[in-house]
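**Student:** Assemble the whole structure, with the sequences as input and the hints as a guide.
There are 4 protein chains.
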Amino acid sequence: MSLPDEFHEIAKRVSNWGRWGAADETGTLNLITGAVVRSAAACVTSGRRVPLALPLRLDGVQTGLIPGRVNPLHTMVAVNLEMFGPGTVATSDDMVVMGLQAATHWDGLGHVSHAGRIYNGRPASSVTAHGRAAFSGLEKAGPVVSRGVLLDVARARGVERLPGGHAVTPEDLSAAEELAGLTIAAGDIVLVRTGQIQRYLAGDKDGYAHPSPGLSIRTPEWFHARDVAAVANDTLTFEIIPPEIEGLWLGVHALHLVEMGMLQGQNWNLEQLSRVCAEERRYSFLLAATPEPFVGAVGAPVAPVAVF
Amino acid sequence: MSLPDEFHEIAKRVSNWGRWGAADETGTLNLITGAVVRSAAACVTSGRRVPLALPLRLDGVQTGLIPGRVNPLHTMVAVNLEMFGPGTVATSDDMVVMGLQAATHWDGLGHVSHAGRIYNGRPASSVTAHGRAAFSGLEKAGPVVSRGVLLDVARARGVERLPGGHAVTPEDLSAAEELAGLTIAAGDIVLVRTGQIQRYLAGDKDGYAHPSPGLSIRTPEWFHARDVAAVANDTLTFEIIPPEIEGLWLGVHALHLVEMGMLQGQNWNLEQLSRVCAEERRYSFLLAATPEPFVGAVGAPVAPVAVF
Amino acid sequence: MSLPDEFHEIAKRVSNWGRWGAADETGTLNLITGAVVRSAAACVTSGRRVPLALPLRLDGVQTGLIPGRVNPLHTMVAVNLEMFGPGTVATSDDMVVMGLQAATHWDGLGHVSHAGRIYNGRPASSVTAHGRAAFSGLEKAGPVVSRGVLLDVARARGVERLPGGHAVTPEDLSAAEELAGLTIAAGDIVLVRTGQIQRYLAGDKDGYAHPSPGLSIRTPEWFHARDVAAVANDTLTFEIIPPEIEGLWLGVHALHLVEMGMLQGQNWNLEQLSRVCAEERRYSFLLAATPEPFVGAVGAPVAPVAVF
Amino acid sequence: MSLPDEFHEIAKRVSNWGRWGAADETGTLNLITGAVVRSAAACVTSGRRVPLALPLRLDGVQTGLIPGRVNPLHTMVAVNLEMFGPGTVATSDDMVVMGLQAATHWDGLGHVSHAGRIYNGRPASSVTAHGRAAFSGLEKAGPVVSRGVLLDVARARGVERLPGGHAVTPEDLSAAEELAGLTIAAGDIVLVRTGQIQRYLAGDKDGYAHPSPGLSIRTPEWFHARDVAAVANDTLTFEIIPPEIEGLWLGVHALHLVEMGMLQGQNWNLEQLSRVCAEERRYSFLLAATPEPFVGAVGAPVAPVAVF
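As they're listed, the protein sequences go chains A, B, C and D. Take the first sequence: its position 56, counting from 1, is numbered 55 in numbering that gives the first Met the number 0, and each next residue is one higher. Take the second sequence: its position 116, counting from 1, is numbered 115 in numbering that gives the first Met the number 0, and each next residue is one higher. Take the third sequence: its position 39, counting from 1, is numbered 38 in numbering that gives the first Met the number 0, and each next residue is one higher. Take the fourth sequence: its position 196, counting from 1, is numbered 195 in numbering that gives the first Met the number 0, and each next residue is one higher.
Among the hints, a few may not be true.
[Stated by the list, open to error] Here are the computed lysine-lysine pairs in the BS3-like style, where the Cα-Cα straight-line distance is at most 25 angstroms: (1) Lys204/C to Lys204/A; (2) Lys204/B to Lys204/D; (3) Lys204/C to Lys139/D; (4) Lys204/B to Lys139/A; (5) Lys204/D to Lys139/C.
[To be verified] Example chain D residues on the side facing chain B (calculated, C-beta under 8 angstroms, incomplete): (6) Leu57; (7) Ala128; (8) Gly246.
[What the hints assert, rightly or not] These stretches of chain A come out as covered by chain C in the derived footprint (C-beta under 8 angstroms, 3 or more residues): (9) 64–77; (10) 127–140.
Since the hints were derived computationally from the structure, they do not count as laboratory data. Keep in mind the model is a prediction, meaning the values are calculated, not measured. Heads up, the beta-carbon is just placed ideally off N, CA and C, and yes, glycines get one too.
**Tutor:** What follows is the structure in structure tokens.
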């Protein structure tokens, strides 16, 4: 079974292989220049801060559907331990076991491969059990701070949340951009709101997982044309479930991560952000969203914050 | 064995219990107002970004000295798995096991107790094995974005790094503030550089652990007087090892976390930041340092970034 | 809310506190003497071996109902790694994260407490987050090898499996003993079959969890009168769900573990054993069932084997 | 770099590929027949039991030398939790993170490969990150109960422990067999004592790791000639360190696991067993040593017991 022709045609058009040199491991993050960061800082006029991460807990978004992507299991290794004797300062300590893509996270460029290749034409076999990702591990992303833009597709379409299976199209993105009253610029990080995470927040984990709205395979070209630095949304897998094109699973993953070398984020809670943007009547902000720098990681938790 | 009188006298002077109401769980983070955040954004003039987290790896700073505070064990649960059939997009997934205070982290307010109390007078017994911290868990910290200030004590003293056992005094902090050419303001997050982390970076983990410079028990008053929002440094435990006052272990922890309700950070890599500050001739910047929001956590990893 | 009078009356009658001295940490395992082990070996006449453990897998019996009791998450840390150079012997290595009571296991004596006490009158506070069980940790159990006896209650009642909520009574045990054609002797390890595990084996995890047959609060006296060394069954929690006496949860746990100092086992797969006993027309065998000796553990996986 | 000719010659002579059919996944465990088990049971004359597993603790034998093979990190997820209300039965629960080969364990047949093959000629690529070992996972071993024989090489050579680097030869094994006063029979499990584990027991973990005595590459033929079912010893890696033949690492692993399809065990504490055998003046016993049945595992903890 091979990927459909449509996929390969888009792939050719959006490929960034070689664009920043054969040695590049960070892809579209290269588009975040000093000027972009200054424009991000210029968005800070009220000092209001909005958190975008889900709380990390055992009762998280994972349902067991994706084996090994376990919700955070957080345990205490000491509770009020007076290790220096009775009456001394007592300490409590904790640890965690979790899938790196279990909660609010960035997908790293090594997360998917197709035709045996990852970003920049490197062999998929450079990802191994003992060494993890030899190239483009998330520790190489460095600081992710840029201008963030919310494309509130649900609001632009006048619904609370998009229906399961809905394909967010380039036209949807343009309508949301118009609602936002701005123009996406090179280096921006785009947050696409579908409203789907409301299902999880309401306690319906299975309904959150599927059916789910997601990004159409036609959207990567829209992002590519605007030289977006990264994209995140408020769904479990980023993709439309069931898939837009029968049999094409993870097509957007392959285009973003492998072809474009662009980080993508999932399980971002954009509900409060949507309300704040509507209140403040502006959809751009400084976005601080640096992944935890796990060496060789193909996914990493992030605690993103939008600053107005 | 009880804590020395000196500790109790300082504790009385720096206590913030009740200051933000009996229900408060975030302490000095309350000092980060919109105005403070705007002043932080005003620091961004070049767009240069400096990461302050250590890469997360099994070969991390922990040596086994603190049982259960294990270095990040990062493993793959899938490597190029074609889960939808041969020729389809293949995925790699990873997970981690780690102590929440194993690497670059914030101590939460529940991390230590003394005399059976944590911040705001709550019982230490509110931290439990099954429920973790019922109060002041790090998921409650919310976005941590403020003006950051580097107090480069090593540079101010003209050394590459402070010797093991050196007590950073209020006078050291004032000298570093003078070097910085600014005035610490309410809501600032202060980063105190000792240079100690060079030992770890050079491969000497044991030497990094002890002997170690750290903050004198007299410094919390200095921070309190200036209404600092949080403090981090570049050592394993934050404290002087061996302790400044014989038998008083974790005294600064108790003053910061329990009495003041102030987050403190450890294992922050301030080496590149020191060089950049010297080059840019300014020691203030926008600091984005939101902890991963583990529910009920007494510690949490953070990937702090300084933006100039 | 306190435990009902009936519980306290039974507790008094079955208590073994002090029976093997104030320092004892192993309770009824003391009943397994050399003579008992010799009688166990005498059961071996065909050499046939029957495994009683469930395979350890992520798709195990836990459903998330009991927080933190996670199914085995087994991952590879290396796959065919030629660590000594190309063409050399390659190694694969694995690790696991699991609840110690997640699969086929023994409950240790520290697993439950009531009225602030564990076995032999020790304070429940001797179990701590950092130190685990200071007394009666499963590393102290030592080798568990004895005569095993299957009490096949389901077969004795002529059903494939007992209905959910069924209370296995002393009369049920006596009927199964009669079916077995033997007399329970001091030091025997008794395996009580309800057939409930068929639900899990058929893929119905929720149905396995509840409703569930289990042992009546009247059965500990039956075991006590016969000086049984340990008891295991084929259910998730050992107990009847919903409980036999309204509001009395874990009553049998408290009697076995706290009062009698007797290990109890859960999630033992007794289906093949039932068939073999019926075929061989004998219900006693050598049972090898040593828990993994985790230091300070209140639960531990075991891979029990019956030898005929 | 390829393996030396000597290795390939021995490999040819000891290979069991195809011996139990092309579908076989358990190798020499096939040699444990009912008759062998009966002879094992016949060894039980006193009922004395000797445990051979090291206690499982964070302070275990691993030093970090083998990445990912982490000592057992055992934590409580609940401590005396009254989940059904105040005054009810309280529960404590625990979990563990550990390398499956971190402590007393069996190496599974998938643990090593050479020339792209594992036992019975299967491709090494049948071991994967997501699926683990598709063939010969340790859940397939089934009950491991047989006659055990201690070959006390240290005692036969009149030393407390063999020196680091000592190659245990076939001649050493024969001398120990003579000391034991018995003849190794088909299906026996042989325990080879070097005394090396004394170093760990005395607190010297590094000295335990290397230099270490181990089995010569000439011993697999000795085991093969006698149709031994499995072999375990009291060292960290089973092998001689530094290697007997320069550049040949894990040669015995490859012969035992890949060619013969024979489980091998490491970190077995044979010290008490040595004393008991000397006292009882017999070196054979019933050995119960069933691995924890992790599905697809290439290693698994075991709590072996010798019964006299």
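**Student:** Does the structure keep Lys204/D and Lys139/C at a Cα separation of 25 angstroms or less?
**Tutor:** holds (23 angstroms)
**Student:** Does Lys204/C pair with Lys204/A here, judged by a C-alpha cut-off of 25 angstroms?
**Tutor:** OK: Lys204/C and Lys204/A at ~18 angstroms, within 25 angstroms.
**Student:** Check whether the Cα positions of Lys204/B and Lys204/D lie no farther apart than 25 angstroms.
**Tutor:** holds (18 angstroms)
**Student:** Holds or violated: the hint that Ala128/D contacts chain B, with Cβ atoms closer than 8 angstroms.
**Tutor:** holds (4 angstroms)
**Student:** Would the hint linking Lys204/C and Lys139/D be met if the CA-CA limit is 25 angstroms?
**Tutor:** Within the cut-off at roughly 23 angstroms; holds.
**Student:** Between Lys204/B and Lys139/A, does the CA-CA distance stay at or below 25 angstroms?
**Tutor:** holds (23 angstroms)
**Student:** Take the segment 64–77 of chain A, compare each residue's beta carbon with every beta carbon of chain C, and decide whether three or more fall closer than 8 angstroms.
**Tutor:** holds (count 8)
**Student:** Grab the minimum C-beta distance from Leu57/D to chain B and call the hint holds if it beats 8 angstroms, violated otherwise.
**Tutor:** Holds. Min distance 6 angstroms.
**Student:** Interface hint check: Gly246/D, Cβ to nearest Cβ on chain B, cutoff 8 angstroms. Holds or violated?
**Tutor:** Nearest chain B Cβ about 26 angstroms off; hint violated.
**Student:** Do three or more residues of the segment 127–140 of chain A come closer than 8 angstroms to chain C, measuring C-beta to C-beta?
**Tutor:** With 3 residues closer than 8 angstroms to chain C, the segment 127–140 of chain A meets the three-residue bar; holds.
Of the numbered hints stated above, the single one contradicted by the structure is hint 8.
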